[in-house]
Amino acid sequence: MSESREILRVEGLRKGFPGVVALDGVDFALRSGEVHVLLGENGAGKSTLIKMLSGAYHPDEGRILVDGEPVEIRTAGDAQRLGISTIYQEFNLVPELTVGENLCLGRPPRRFGLVDTKRMHAQARELLDRVGVDVDPRTPVGRLGIARMQMVEIAKALALNARVLIMDEPTAVLTTTEVERLFQIVRQLREQGVAIVFITHHLEEIAQIGDRVTVLRDGRSVAEVPATTSEEELVRLMVGRPIDQQYPREAGEPGAPLLSVRGLTRAGAFADVSFDVRAGEVVGLAGLVGAGRTEVARAIFGADSYDSGEVLVNGRALPRGDVQAALAARLGLVPEDRKGQGLVLGAGIGENLGLVTLGRASRGGFVDRAGQRAAAARVAEQLGVRMSGLDQEVRTLSGGNQQKVVIGKWLLADVGVLILDEPTRGIDVGAKVEIYQLINSLTASGHAVLMISSDLPEILGMSDRVLVMARGRLVGELDAGEATQDSVMALAVTEVEDARVH
Amino acid sequence: MLVSTNVLSKRPSAWLAENGSLAGLVVLVVALALLSGDFLTVTNLLNVGVQAAVTAILAFGVTFVIITGGIDLSVGAVAALSAIVLAWSATEAGLPWPLAALLALAVGLLCGLVNAALVAYGKLPPFIATLAMLGVARGLALVLSEGSPIPMPETVAHLGDTIAEYLPVPVLVMVFMGVITAVVLNRTYPGRAMYAIGGNEEAARLSGIKVNRQKLVTYALSGAFAAVGGVVLASRLASAQPQAASGYELDAIAAVVIGGASLSGGKGRAFGTFVGALILAVLRNGLNLLSVSAFWQQVVIGVVIALAVLLDTLRRKASN
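Which chain is which? The protein sequence lines are A and B, in order.
Residue numbers are given in this note's numbering: position 84 of the first sequence equals residue 84, and the series is strictly consecutive.
Positions in the second sequence are counted from 1; adding 1000 to them yields this note's numbering.
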């Protein structure tokens, strides 16, 4: 490891927006060749901090020092010149362009004024090698999976000679094996002396990858501790109070099957999927990303069609690809892509909460808006959505509160069966527990929940039964008692290995 | 989303931020009143109202479409076609005028439905679908009229009159259509669905909103509003002309956008559109009073459209 020295220091950073103080005194120091974890609940100020380091926001007070010199980072270009690169959750890649073109976006090698494709690809290959990813530079980025896109993003940061690499929740979208791969790359970069700011909500990752941890709470840096600090202690620092139970599942006696899926098949996506979800039960659907879980969920809900099989709610078959019929049968779906499919971001909280019940609340075409608002207010209160009012744009809420709104619109519609697709992705610990408690109260009142999650501890902690999918097939069913990380992963992975043999 | 709740709960600066176009209109009126002694007279203001009416009526219809994230380029042509159908069926085909009027409205609706079918089921981009309709409707208007104006039936032409000297009927129709627009947008299922579809079509679909059916309603409303606008215009001129309302679709879109709607959908209000249409009319009228040449007027109006949207964008950025 190269000699470790301080590259970046942040002192007493403050930033206010109209009505809120986002940062209220943050100190943070980063050394070369370290992985520094930034930990905090959503809304604690992590995003604001990294946006200041990348030139998107400008601090009201405080200073940023690079190599001991105070600097002004006013634009993304400033950050680039200082060697600071940020990899956001939403990638900055142009899907239609090739990997090579993306890597030298805006400054392609030129020959006689034209783009020198040969040299561009050679440079790209070199960068990709440094990250250790095997991708043809001529592949359009849009054809890569999420994990590989992320590698391309990292390569792009290296192309800009990044000394400081900020990664905003890079593992949120990756499967276990992909996370392993990412960690290898991160360790390799650390060896090369790159300073890495790593944001994650997965506490177990901190000891694996981190060196130091800075904890933010309510816009302040509250502690800087070694990465070996226990998870309980980290949670206490982050939340400001101890959380007794991360997975507060209270299982009851399951009743009659509410949702039955029989032989559901769609060519190329999933085949012969059959299972039941009973009243009062949480069924977890585990598997690797791409195993077909989301596709099955969408097919059940009618968002997409399927080739054969049957979906029954309360014993009654639903027509294919018909969202209205699913709604009438009191089926609800909280989609994986919260912002893209769950919310109207530019509309208010009340408007979003009332989306599903809009039709029901209409008489002769006229909407009972007072009734809708009262119902929305009641649900927002019940869910503890932290907001300034029902008119606040959903866009401005934290991830956890946004998810509460998505779930809330189904509560308002009083669904019987709720399908949750990655319900806590990118949500902080405190809000996660609130969502788990919500799941508990749903099943306690006789609702059935089907929960898809790539977060294994969550699946194990919250499910009464675990179904495992691989390659579009249901490959196993485990009771809560027999499901362990190992048994679930063994099921999820073996089939995929088989597939590679074919 | 209603103005009334906002006025009570927000500071004046916030209110102004949401009604920037109204502030612009006020500034414009004050400036013109100072610059020209003829501007602030009852006759002139009524004149401005009449000039604004047709654009506003078309723009109200386009507001629905723009809120869903679409665009309607066909309203000018559909307006002309509807007026021609009314005049032709009443005079040439001898239909009683109420039937002819209903027929004109039906033609507008039908054009809108065809637009919607192309967009919702044919998956054509709204720009293309309605551009095609622009050509078809204008062409049919020319075919039906054989290229010449047709006199309007007298009963209908009263729509262009002024009652008791101070109440131009086109202005009344404009206000009436504006109220309908506001009620549809704020109070009805299709209206609320339009905002949801424009804000996030997939989220709307997964929340059980029948997106395609609502698009039919949206474009049909736009077509019907265009028909009303066309008939009012023809009544003012006392004859339906196949080339009438040429380019009005652009004025309508400009009015909607000046009124604060977003072309990417999910945002827009009837009152904003109303103010947008008034700004265009006041500007034209004022430039005429100040004897600015018609050629320069086009330049000024182009600049104003760009400025209005630019200011709006900056304002939103600042308030975020």
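Everything labelled a hint here was simulated from the structure, so no lab data went into it.
Hints should not be assumed to be uniformly reliable.
[What the hints assert, rightly or not] Short, incomplete list of chain B residues facing chain A, as computed with Cβ under 10 Å:
1. Glu1092
2. Ala1093
3. Gly1178
4. Ala1182
5. Val1184
6. Ala1204
7. Ser1207
Don't be surprised by glycine CBs; every beta carbon is placed ideally from N, CA and C.
* Could you check if alanine 1204 of chain B really has its C-beta closer than 10 Å to a C-beta on chain A? => With a minimum Cβ separation of about 7 Å from chain A (threshold 10 Å), the hint on alanine 1204 of chain B holds.
* **valine 1184 of chain B as an interface hint toward chain A, with CB separation required under 10 Å** => Holds - the Cβ of valine 1184 of chain B comes within 10 Å of chain A, reaching about 9 Å at its closest.
* Restraint check, 10 Å cut-off on beta carbons, for alanine 1093 of chain B near chain A -> Since chain A brings no Cβ nearer than about 34 Å to alanine 1093 of chain B, farther than 10 Å, the hint is violated.
* To do: Using 10 Å as the Cβ threshold, decide whether glycine 1178 of chain B counts as touching chain A.
  => Given a least distance of 18 Å, the restraint on glycine 1178 of chain B is violated.
* **Supplied contact hint for serine 1207 of chain B, tested at 10 Å Cβ to chain A** => 4 Å, holds
* Once the shortest beta carbon distance from alanine 1182 of chain B to chain A is found, is it less than 10 Å? -> This hint is violated: alanine 1182 of chain B lies away from chain A, its Cβ roughly 13 Å from the closest one there, beyond 10 Å.
* Close enough to count: is the Cβ of glutamate 1092 of chain B nearer than 10 Å to one in chain A? -> 37 Å, violated
The structure fails hints 1, 2, 3, 4 (numbered hints given earlier, in ascending order).
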